[in-house]
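K.L.:
Line by line, the protein sequences are chains A and B.
Here the numbering used here is used: the first residue of the first sequence is 978, the next is one more, and so on.
Here the numbering used here is used: the first residue of the second sequence is 3, the next is one more, and so on.
Be careful, since some hints might not be right.
[What the hints assert, rightly or not] Distance condition first, Cα-Cα at most 25 angstroms in a straight line; then the derived SDA-like pairs of lysine to any residue: (1) A:Lys1071 x A:Asp1193; (2) A:Lys1216 x A:Glu1371; (3) A:Lys1509 x A:Pro1321; (4) A:Lys1074 x B:Lys39; (5) A:Lys1074 x B:Glu52; (6) A:Lys1353 x B:Asp15; (7) A:Lys1071 x B:Gln14; (8) A:Lys1238 x A:Gln1069; (9) A:Lys1239 x B:Leu16; (10) A:Lys1191 x B:Asp34; (11) A:Lys1509 x A:Tyr1407; (12) A:Lys1191 x A:Leu1251; (13) A:Lys1353 x B:Ala19; (14) A:Lys1074 x B:Ala61; (15) B:Lys39 x A:Ser1357; (16) A:Lys1071 x A:Glu1371; (17) A:Lys1353 x B:Lys39; (18) A:Lys1074 x B:Asp34; (19) A:Lys1353 x B:Glu52; (20) A:Lys1191 x A:Lys1094; (21) B:Lys39 x A:Gln1069; (22) A:Lys1094 x A:Gln1069; (23) A:Lys1353 x B:Asn68; (24) B:Lys39 x A:His1093; (25) A:Lys1066 x A:Asp1225; (26) B:Lys39 x A:Lys1238; (27) A:Lys1353 x A:Pro1321; (28) B:Lys39 x B:Glu52.
Since the hints were made in silico from the structure, they are not lab data.
This is what each chain is made of:
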Amino acid sequence: MSQTYTYPEYAYRQSEEQRSGQVRRHPAVVIGAGPIGLTQALDFAGRGIPTVILDDNNTVSIGSRAVCYAKRPLEIWDRLGVGEEFAAKGVQWKVGKVFFRDELAYQFDLLPEAHHKMPAMINYQQYHLEERLVQACDASPLVDLRWKHKVLAIDNRDDHAVLTVETPDGIFKLEADWVVAADGANSDTRRMIGADFTGQFFQDRFLIADVVMKADFPTERWFWFDPPFHRNQSVLLHKQCDNVWRIDFQLGWDADPTEEKKPENVIPRIQAMLGPDVEFELEWVSVYQFACRRIDQFRHGRVLFVGDAAHQVSPFGARGANTGVQDCDNLGWKLKAVMDGVAPLALLDTFHEERAYAADDNIGHSTRATDFITPKSRSSLRLRNAVLELARTEPFARPLVNSGRLSTPTPYLQSSLNTPDSAAFAGTMYPGTNCADAPIRKNGQDAWLLNQLGQGFVLLSFGPAEPVTVQGITAPVLQVGRDIEDAQGILTQRYDGQPGTVYLIRPDQHVAARWRRFDAAQAQAALSRALKLN
Amino acid sequence: MQLIRTPNIPDQDLFYAELINSQRDMSEAQADMAIAKLALILANHIGDREVLSEAIALARDNTLANAPGDNT
């Protein structure tokens, strides 16, 4: 059906270890070459960890699937060297329109805060994103990406795991110090490990279609509740690259997925929506049932779970891939510190602590949007419709309309890695929060703060400070006014950077601690705490 | 005092979830009854007769303007 995109076919190659029959031990093996597995491998490689990726297929995602990428994942990909390209190629949108029946209920402007390198959100087909991530992995000498490698069994031992892998050349075994399961919502790894994956299934189905059209619809997000062309259900229209549009139709629980997917049933629906004169072609269609579920523990022995393998959300608010990328960001530096023996295993358990907390937050947002879009009872449907009718004239009702909330990072405010504030600060850069970007100048050139933070710990200071070292891990100083210039004052404002202020920032660009004046002993204690050493 | 018509509820998504979750395991008649009681409880809390009259008129006018004999 596809007209705009040719799916690459990646070559299978037999590995040396399979050919020779000599079992090899690898520091890290990632299962699944989707957006999350590929991102995790790039992050590991950036930290010097040689990484093998195993994927049972040999191409990228079929269909657009994850469509919206938010600012924080774009910042993480920028750290990995591909964020600028995604931001440039993706479709940026700001205006959203909400229709109820045959009228506009209201429209909103995302009004993203100015002075960030990355936009609030882009739309970009998952296959484009994966293809670029594959290129980046292929270009890295530390990533060994193996297609047509299906994991059949995992033996989770005390200090490593043994994987039984099937390729076109037969079955062989390989060993891994650490395994990262990024094999999606239907994770075989999760099943093999026997982890619980529980939550809520929604009694509803959605038809998701990519269509190609040269219609002059504006680059806006349009959401309909109960439109005349699809009574009693909801519809979402979103623009992607290459004149591809993404349409989501709510079908109801009684719909037959096999029937609904047939072009002779899909095309009339879309034609009724776009109008009789609009020409379009169907590229891809799929039917989903939504669920919100989370794994019991993100770490099971030597196996760590990231992305949809660890948590599944309904798509409203685009929280699947976005939160998965943040899992990778959280895991990479912790695993590196544990591998190097500078931090205890307990540091890895904070991966569960912080990311399970974020997953629960995401599941909450996603559940609330789904409950608004598909009310579970007649009385909640009536409340929902009351909100929509009021929204047309009453500003108070508009924030209650929930067709999916913009995905934003969950701050780890309660994390055991944080050192609590001992002084008052204005603004929102609490310990556990991801660092806000800010425009700066460096060597007389315009630049961005996040690009200066590096891959490790760093002390961002608005006054004198000295580097601190714990267990061979050094946090160097990035001093405002000496190393970088805050020409516009935005950095100082966002961090309440009164003279003397110092922030200890983690390798994943989250605030670990902050003070009003530098004190080497306090900074050292906070660094130890962020490494789970005290 | 005037009826507040701009957003005034913090954490509005959590408020809305609490509202619809409060009807869980209720029959339709019970859910209707609970909403009617909530209207009366809030009206009593507000107390201000002018504000209440404004709110009543808004609910009536908005409903008649929107719903063409709709039964949801």
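K.L.:
Taking the hints in turn, state whether each one holds.
P.N.:
Structure-based check of each hint:
1. A:Lys1071 x A:Asp1193: holds (17 angstroms)
2. A:Lys1216 x A:Glu1371: violated (29 angstroms)
3. A:Lys1509 x A:Pro1321: Status holds; Cα separation ~7 angstroms.
4. A:Lys1074 x B:Lys39: The given pair, whose Cα atoms are some 34 angstroms apart, is violated under the 25 angstroms limit.
5. A:Lys1074 x B:Glu52: violated (34 angstroms)
6. A:Lys1353 x B:Asp15: Judged against 25 angstroms, a Cα distance of about 16 angstroms means the pair holds.
7. A:Lys1071 x B:Gln14: Judged against 25 angstroms, a Cα distance of about 22 angstroms means the pair holds.
8. A:Lys1238 x A:Gln1069: violated (29 angstroms)
9. A:Lys1239 x B:Leu16: violated (39 angstroms)
10. A:Lys1191 x B:Asp34: Roughly 47 angstroms separates the two Cα atoms, so the pair is violated.
11. A:Lys1509 x A:Tyr1407: holds (19 angstroms)
12. A:Lys1191 x A:Leu1251: Roughly 12 angstroms separates the two Cα atoms, so the pair holds.
13. A:Lys1353 x B:Ala19: holds (12 angstroms)
14. A:Lys1074 x B:Ala61: holds (24 angstroms)
15. B:Lys39 x A:Ser1357: holds (16 angstroms)
16. A:Lys1071 x A:Glu1371: Measuring from Cα to Cα gives roughly 22 angstroms; hence the hint holds.
17. A:Lys1353 x B:Lys39: holds (21 angstroms)
18. A:Lys1074 x B:Asp34: violated (31 angstroms)
19. A:Lys1353 x B:Glu52: violated (36 angstroms)
20. A:Lys1191 x A:Lys1094: violated (30 angstroms)
21. B:Lys39 x A:Gln1069: violated (46 angstroms)
22. A:Lys1094 x A:Gln1069: holds (13 angstroms)
23. A:Lys1353 x B:Asn68: Holds - the C-alpha atoms of Asn68 (chain B) and Lys1353 (chain A) are around 23 angstroms apart, at most 25 angstroms.
24. B:Lys39 x A:His1093: violated (48 angstroms)
25. A:Lys1066 x A:Asp1225: Given pair Lys1066 (chain A), Asp1225 (chain A) holds - Cα atoms ~23 angstroms apart, limit 25 angstroms.
26. B:Lys39 x A:Lys1238: violated (45 angstroms)
27. A:Lys1353 x A:Pro1321: violated (46 angstroms)
28. B:Lys39 x B:Glu52: holds (20 angstroms)
Violated hints, in rising order: 2, 4, 5, 8, 9, 10, 18, 19, 20, 21, 24, 26, 27; the structure is consistent with all others.
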